[in-house]
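Those sequence lines, one after another, are chains U and F. Each residue of the first sequence is one higher than the one before, starting from 1 at the first, in UniProt numbering. Each residue of the second sequence is one higher than the one before, starting from 1 at the first, in UniProt numbering.
These are calculated hints, taken from the structure and not from any lab test. These figures come from a predicted structure and were not determined experimentally. Some hints could be false.
25 Å max Cα-Cα, derived PhoX-like pairs, lysine-lysine [stated by the list, open to error]:
hint, chain 1, residue 1, chain 2, residue 2
1, U, 174, F, 356
2, F, 356, U, 52
3, F, 52, F, 174
4, U, 52, U, 174
5, F, 52, U, 356
Number of protein chains: 2
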Amino acid sequence: MNGDENTLALGERGRPAPNREELVLERIERVRRSRPRLREELITLAHGAGGKASRTLVEAVFLEAFRNPFLEPLADGAVLEAMEHGEPAFTTDSYVVTPLFFPGGDIGDLAVNGTVNDLAMCGARPAHLSAAFILEEGFPIRDLRLIVATMAEAARAAGVTIVTGDTKVVQRGKADGCYITTAGVGTVPAGVRLGASAVRPGDAVIVSGPIGEHGVTVMLARGGLDIEADDLVSDTAPLNGLTALLLDACPGGRVRCLRDATRGGVATVLNEMAQAAEVAVVVAEEAVPVRPAVRGACELLGIDPLYVACEGRMVAVVAGDSADAALAALRSHPLGEGAAVVGRIAEDPPGLVLLKTGFGGTRIVDVLVGDPLPRIC
Amino acid sequence: MNGDENTLALGERGRPAPNREELVLERIERVRRSRPRLREELITLAHGAGGKASRTLVEAVFLEAFRNPFLEPLADGAVLEAMEHGEPAFTTDSYVVTPLFFPGGDIGDLAVNGTVNDLAMCGARPAHLSAAFILEEGFPIRDLRLIVATMAEAARAAGVTIVTGDTKVVQRGKADGCYITTAGVGTVPAGVRLGASAVRPGDAVIVSGPIGEHGVTVMLARGGLDIEADDLVSDTAPLNGLTALLLDACPGGRVRCLRDATRGGVATVLNEMAQAAEVAVVVAEEAVPVRPAVRGACELLGIDPLYVACEGRMVAVVAGDSADAALAALRSHPLGEGAAVVGRIAEDPPGLVLLKTGFGGTRIVDVLVGDPLPRIC
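Whole structure, please, built from the sequences with the hints as guidance.
Right, here's the structure in full:
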């Protein structure tokens with residue numbers, strides 16, 4: 001034991017009780033005055049440690065942007081008010097898009113709209129979202145604030161609240177800035193029951209607007225390609241307004257299946273339907289809405305727009321005799337102005353998607369094998 | 001245009017219609033025969049692309065392990081049966097623990113138990129979970145299968161089903177093998193209303209068992225430290241059985257607040273309560289259960305067990321006159337055998353946690369500032 005330790009030990013033992021209490025009281029005042037403020041400019045591991053820095057980050061960034069009575073207690077989870085009558089729907093998606101910011105949006109509205117849309121595709125009215133962040137050490141808090149602001153705005157636009165969340169921080173080189181996982185809950189109104197297996201021969205296949213804009217925009221935003229397309233922006237948008245109109249216009253099970261055409265694009269969605277319902281999906285290539293900028297970029301990149309991700313477009317299969325009503329309903333909404341019937345469901349060949357080309361030919365639209373556009377969402 | 005392309009073009013045009021159809025039919029058969037099988041040993045970007053490889057991974061690994069009627073349609077989200085009467089609870093957490101496998105568990109049961117526990121801490125009965133995976137390119141599918149098997153087992157043990165999910169793949173060096181984000185929904189029975197702000201002077205503070213085992217176990221599993229502790233395993237466990245017993249034993253609002261002592265440990269949880277309720281939490285150091293192996297490791301590492309994460313221990317604050325009933329209820333469950341009253345709630349000094357040490361002294365247990373144990377969960 002060296003002298004210093006001895007002195008300390010003697011001092012501790014030797015100090016009379018009142019002095020000790022004063023010391024504690026002084027410390028109490030010091031702790032109380034140090035109220036949390038977010039001073040850092042970059043995310044540190046401490047922001048994910050659950051202590052003072054985590055709390056400050058949560059209060060200064062997340063609570064500030066998302067504030068609502070369910071989130072406010074900042075407890076382990078949110079206790080909600082009883083939801084509207086019907087079957088609950090529940091979904092989740094992780095977002096790892098790169099770059100984080102791109103024309104028309106960022107990972108924030110993508111993460112909100114994507115989960116809102118997954119609920120809408122179940123026929124549900126989205127109600128509440130959770131948001132879990134995996135941040136890389138060194139990520140700029142300024143960027144995080146921008147992302148969180150976009151999320152808050154997207155949530156407002158979709159009519160949902162972000163009620164619970166989590167933040168983890170990993171060391172430099174163990175993530176790519178910011179990954180977000182959202183989950184969502186909502187309610188499926190009575191009488192609505194959608195699913196790929198409900199699709200049947202004679203049904204009409206509708207897409208809600210021009211396809212491929214999100215995927216091509218993100219691809220071009222990565223740079224390195226000598227393509228400029230100033231008028232291209234991501235189509236990221238909440239589709240719950242559109243699905244509500246559609247379900248109202250085609251009641252009684254006449255809407256068979258809704259799918260948002262994200263990873264793998266329209267082609268993948270159609271293949272999943274064909275396989276689940278054991279039907280053929282026959283698509284007229286010329287009827288599929290594709291903006292010239294998307295078509296041009298796809299040609300240069302050597303990819304088919306049918307495989308390119310949208311984040312605000314859906315495929316709707318409705319009873320054949322409801323196609324007109326469905327189209328009118330979709331077109332009455334700003335996000336459905338470009339809706340079009342692109343094909344029909346047939347009996348044969350079951351499990352496959354056939355594309356009728358402009359030249360009178362037919363080709364099989366198979367599911368994607370590789371990944372032409374990694375980390376698009 | 002070179003010769004080959006010419007030949008192809010001529011051949012296509014020159015071929016009579018029936019031949020073309022034969023070609024399509026042949027192709028149809030070939031596509032149909034190629035049913036998905038998981039042949040790869042490592043995760044590739046294609047597994048996250050939403051196409052054939054994604055589908056195969058989901059069917060061969062996730063659906064196989066988690067199978068239940070809600071998950072089976074593999075739609076954008078799960079449509080559930082109406083849940084039991086009460087207020088819905090909703091929570092989420094991301095898991096980035098390293099190493100992925102450690103004595104007593106792995107990231108899989110951690111992700112299930114953690115979210116089950118967050119629901120239980122709201123007083124809810126956990127019902128359904130979502131699971132979203134962010135995988136690094138090159139991650140062994142064998143390891144993924146192990147993790148998924150642990151998740152399935154943990155879900156069974158906690159009485160919950162995993163009903164929806166997502167898989168994203170990022171390039172090598174953009175993650176650390178596997179990150180998992182779970183979200184959970186459950187129902188808070190009528191009459192239960194827990195929260196840090198419900199804590200009041202005179203209440204008893206209980207911990208459900210020895211603390212710090214998860215954090216120390218993971219720390220040691222990282223190696224590089226010359227400490228061996230063969231009998232140390234993570235305490236990861238679902239606490240919903242324990243909370244149900246406790247709420248039954250202390251009805252009518254006598255359970256004030258439940259918190260699982262994860263990141264930041266018991267000290268952080270107590271500080272959050274002290275601040276939210278503007279009360280003092282006075283803890284008797286000698287009453288806090290800490291196993292010798294944990295105490296020893298903490299001394300060598302220079303950390304206080306009060307700040308070390310548990311993943312299967314909770315802090316319960318109950319009305320002072322219910323302490324005995326609460327303790328009896330907890331101790332009747334295998335996960336609560338080591339439960340102990342560790343302190344009480346006082347009026348002064350509001351917002352602080354005071355520790356009465358063995359030597360008759362008092363020290364303030366402040367919230368964590370840095371991060372002594374990053375990526376513990």
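Now for the hints, and whether the structure bears them out:
With a CA separation close to 41 Å, the supplied pair residue 174(U) and residue 356(F) exceeds the 25 Å bound. Between residue 356(F) and residue 52(U) the CA atoms are separated by roughly 23 Å; this keeps the pair inside 25 Å, and the hint holds. Among the hinted pairs, residue 52(F) with residue 174(F) is consistent with the structure: their alpha-carbon atoms are about 23 Å apart, no more than 25 Å. For a cut-off of 25 Å, the pair hint linking residue 52(U) to residue 174(U) stands: about 23 Å separates their Cα positions.
Distance hint between residue 52(F) and residue 356(U) is fulfilled; the C-alpha atoms sit about 23 Å from each other, no more than 25 Å.
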